[in-house]
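Spelled out from the first residue to the last, the chains are:
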Amino acid sequence: MAGTSGAVVAFEHVTKRYPGGSDQAAVDDLSFTIPAGEICVLVGPSGSGKTTTMKMVNRLIEPTSGRVTIDGTDVMSLPAVELRRKIGYVIQQVGLFPHLTVAENVAVVPRLLRWKPPRIRERVEELLDLVGLDPGTYRDRYPAELSGGERQRVGVVRAMAADPAVMLMDEPFGAVDPIRRDRLQNEFLRLQAKVRKTIVFVTHDVDEAIKMADRIAILQKGGILAQYDTPDAILARPASEFVERFVGADRGLKRLSLGRVQDVPLAEPVIVQAGEPRAEARERLAQHGDLRYALLVDERHRALGWIDPRDLQGDGTVDPTAATPGAPTLERESTLRDALSAMLSSSVQLGVVVDERDAVIGLISVDSIGEVLRAPVGAGSQS
Amino acid sequence: MPSDQPLIQFDWIVNNLGEIGRRLGEHIEMTVIAVVIGFVVSFGLALLIRRYRGLSGPVLAVSGVLYTVPSLALFALLLPFTGLSLLSAEIALVSYTVLILVRNILAGLESVPPDVSEAAVGMGLTASQRLWRIELPIALPVIVAGVRIATVTTIGLVTVTSLIGQGGLGYLIVVVGINQFFATAIYVGALLSVALAVGADLGLLRLQRALTPWSQARAE
Chain A
1 MAGTSGAVVA FEHVTKRYPG GSDQAAVDDL SFTIPAGEIC VLVGPSGSGK TTTMKMVNRL
61 IEPTSGRVTI DGTDVMSLPA VELRRKIGYV IQQVGLFPHL TVAENVAVVP RLLRWKPPRI
121 RERVEELLDL VGLDPGTYRD RYPAELSGGE RQRVGVVRAM AADPAVMLMD EPFGAVDPIR
181 RDRLQNEFLR LQAKVRKTIV FVTHDVDEAI KMADRIAILQ KGGILAQYDT PDAILARPAS
241 EFVERFVGAD RGLKRLSLGR VQDVPLAEPV IVQAGEPRAE ARERLAQHGD LRYALLVDER
301 HRALGWIDPR DLQGDGTVDP TAATPGAPTL ERESTLRDAL SAMLSSSVQL GVVVDERDAV
361 IGLISVDSIG EVLRAPVGAG SQS
Chain B
1 MPSDQPLIQF DWIVNNLGEI GRRLGEHIEM TVIAVVIGFV VSFGLALLIR RYRGLSGPVL
61 AVSGVLYTVP SLALFALLLP FTGLSLLSAE IALVSYTVLI LVRNILAGLE SVPPDVSEAA
121 VGMGLTASQR LWRIELPIAL PVIVAGVRIA TVTTIGLVTV TSLIGQGGLG YLIVVVGINQ
181 FFATAIYVGA LLSVALAVGA DLGLLRLQRA LTPWSQARAE
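In order, the protein sequence lines correspond to chains A and B.
Per the numbering used here, residue 1 is the first one in the first sequence, and the count goes up by one each step.
Per the numbering used here, residue 1 is the first one in the second sequence, and the count goes up by one each step.
Okay, chain A solo, but in the shape it has when bound:
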């Protein structure tokens, strides 16, 4: 599934002026090309024309001059309705249809394209599975019966339903709280690694841009392209004072956002479970040497908290109530910046790395991140 199903999206001298508007264009002579299968994040302050630029791809807004092409075809040469059915569209408020069930929402575009009902049903199940929504549970629910994060997931798979080559996402995670946003971003990156769409992603949040982008287009007031490059290159070599100010003084620290937990070698934790003999746990902790604490997990291997060696003394079994909860859990897709921040604010400066099912797969330490920081520009792997 690693093949690219995306298409090349190109802006060629695209300008948008609104009739009766000021002399300043909303988007001014924009030219850049998004390679197939990449996430291009449009970022900039308000009034920089980032949403306008995105909407010119599916003709919600039409350019005054210049052209937008998808795999070489001018979008203006296709009927707008037909074009839009081939482009996934996700907005911040999600815009799920309240009178349709989850399955019916996802099926909207396939129905417009007159897919056969069995094919639609199969596709809906596949997509819900893909974002971790059990079809049996969620298929027949109405949007009002979903949490914010679940709605956002349905919004994303609805846009992917007819397997479009290009997807437009307008601040798709802007309306969820920071913790859920991080999870949704990670989940979306995992998904994108499988489906390889060409994605035009709008945000005003530089950190989100750095995390999500293969390439970032930084726009400034008046819809002028300030810089278009990979996140690493933009942070290492900002093209102008504007870009430098926009990405922030903490550029060095932001480069941490480019590294993922999965780029760092993980340490093996000393795992203990409730009810196991203390002597055994004590011995394993002693053998490991480097670690001062053992990690208590439940029967499904999910982290419950740290166990101090003092609580492993004497006979008897491991007492789960002695565990100090609050070990920060991180996903492989979490950025090193988030990992560092979580570790610095917890009592034991170790992060617990978990998989999609929250099962522990390893530990990450502040030291191991420091080693990555010392590596030269461009050496950090970029997913």
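Just so you know, these hints were derived from the structure itself, not from any lab.
Here the structure is a predicted model, which is why all the values come from computation and not from measurement.
Hints may be right or wrong, so weigh each one.
To be verified - Which residues of chain A face chain B? A partial, calculated answer using Cβ under 8 Å:
id, residue
1, N58
2, V81
3, L112
Using N, Cα and C, we set each Cβ at its ideal position, and we do this for glycine too.
Fit chain B to the given chain A structure using the hints.
Then chain B, alone, in the frame of chain A:
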């Protein structure tokens, strides 16, 4: 009204069941005709107003003024043109339902959240697909609420049309009851009219709930 008359003469009711049933049927028929025609006209007007925004002011102004005309006066105004006829009665009844329904249909269509409309456009639905598949279903609870008000109002107004020789149950109240000082007919007519209004209101509410299961859905 003679005071030696018993409040309700049950033998009259039993002897006139046929007539009472006929008047009830007539009442229902006049109501249904008025609401159905009123709905079709209002629906057309609401769609026109949405297409040509400029119409909204004049249409709502005219309908607002019409609504303030007392029903009795409206029937009287129509007499020179259409006489003491069912047509006069229906013209007045339809006018009143239109006033209520146009506003509610528009309010219903405006209740569609902007993000839902934006998603529908962005996903490639045509204007008519958006109207029939998205906007009208979402507007349905508000539209049916309008139909309930219009129906209950019409059931009440039908009794007044007895003054121009129509009237359904109003015939029992006015012609048999008031004109002939016969209390039983007034009670029968009034009670049946109220029962009809309550029944229609509840029936439409149940219909709306059945048509829009999603409107009761809430997060667990």
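Hints, verified against the model:
Hint status for A:N58 relative to chain B: holds, with the closest Cβ pair at about 6 Å, below 8 Å. Checking A:V81 against chain B by beta carbon gives a least distance of about 5 Å; that is within 8 Å, so the hint holds. Hint status for A:L112: holds, given a least beta-carbon distance of 6 Å to chain B, under 8 Å.
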